Amino acid sequence: MSMGIVISSVTTEIGGGSSIEQAAAAARRAIAEAGSTPEQIDALINTGVYRDSNMVEPAMSALIQQQAGIGLEYHSGEVPCLSFDLMNGACGILNAVQVSQALLEAPTVHRVLLVSGDAHPSKSPLPQPGFPIKPVGAAMLLEKRPGAAGFGALHISATDGRPAAEGFVRLSEMGTTGRSSIRVRRPADIETLLHHAISAASEALEVADAPLDRVVLICGRPVADFPDRLAQRLGIPPTAVSADDTPGDAHTSALPVAYLAARDSGMLDRADVALFVAAGAGPSAAAIAYRLPKP
1 MSMGIVISSV
11 TTEIGGGSSI
21 EQAAAAARRA
31 IAEAGSTPEQ
41 IDALINTGVY
51 RDSNMVEPAM
61 SALIQQQAGI
71 GLEYHSGEVP
81 CLSFDLMNGA
91 CGILNAVQVS
101 QALLEAPTVH
111 RVLLVSGDAH
121 PSKSPLPQPG
131 FPIKPVGAAM
141 LLEKRPGAAG
151 FGALHISATD
161 GRPAAEGFVR
171 LSEMGTTGRS
181 SIRVRRPADI
191 ETLLHHAISA
201 ASEALEVADA
211 PLDRVVLICG
221 RPVADFPDRL
231 AQRLGIPPTA
241 VSADDTPGDA
251 HTSALPVAYL
261 AARDSGMLDR
271 ADVALFVAAG
281 AGPSAAAIAY
291 RLPKP
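Going by our numbering, the residue at position 35 of the sequence shown is 35; the numbering climbs one at a time, nothing skipped.
Be aware that one or more of the hints could be misleading.
Label-pair distances were calculated between CB atoms; the ranges are [what the hints assert, rightly or not]: (1) P211 - P293: 16 to 26 Å; (2) M87 - S199: 20 to 30 Å; (3) P295 - R183: 45 to 55 Å; (4) P238 - T108: 43 to 53 Å; (5) A106 - P132: 34 to 44 Å; (6) R183 - P237: 33 to 43 Å; (7) S202 - A106: 28 to 38 Å; (8) T108 - Q232: 42 to 52 Å; (9) R185 - M55: 16 to 26 Å; (10) G147 - R183: 40 to 50 Å.
Quick list of in silico lysine to aspartate or glutamate cross-link-like pairs, DMTMM-like style, CA-CA up to 20 Å [claimed, not checked]: (11) K294 - D269; (12) K123 - E21; (13) K294 - D213; (14) K123 - E105; (15) K144 - E39; (16) K123 - D213.
Hints were generated in silico from the structure; no laboratory data involved. Given the structure is predicted, the values throughout are model-derived calculations rather than measurements. For every residue, glycine included, the Cβ atom is placed at its ideal position computed from N, Cα and C.
Work out the full structure: start from the sequences and follow the hints.
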């Protein structure tokens, strides 16, 4: 019997200013909502980019794992939880899904927890000048399940050449505030970003081979009208679009936020496929079709 990689639970955490604390809180809730325990998590992948105090070491995944209480004790004969950071901006969560598919091929791996979330390095929950991202932590638990439901292959479209810097600290200006300051510069050429999103999404739709009236678009919102423009180009009705609805851009947590909104509104009940599309720095875009499990 074929096995698929399905979403067991999705949670989000909002209101705080720490990327670590919010991702860990979302992780604990995702594990509980799936009816699992921290000891049953085989791998944790963190896709957050902007982090507390601009920390570089250790990996944020290790700190999130610790706060979430995952794999704190090793016992003889047990396989410890593997955790690592995978940073690719808004597309990172879909890259993590792809890596999870490979990890879950192993007979000893049954559950992979994806966590995400960005925050201003000052850890302030309030909007900060030059930082358009809303601090939102998210967690998505993936596991193997018999049947045809689950994620398909990842499709990527990106600009050739070296990508432009999007988030940075100016060394000549930071003085003593380098650990609490950052600038985020968004690309002005939204048409190029839209082009890559259409390319990746079209490939994913072709492989999924599902009628467009049975597809729900799950996407981020790098600019306000991006989801509607993307849906129009793909031929997906506006009533089948679920986007990051947080005030500000949830960035690496945008897709979990959008999926949760679609699920809670009942939108997924009327669909066969959820089309996840992310677009961001590079410019680049990624898309993956998720065949929805049915009761």
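Exercise. Compare the structure with the hints numbered earlier in the document and write down the numbers of the violated ones, lowest to highest.
Key: 14, 16
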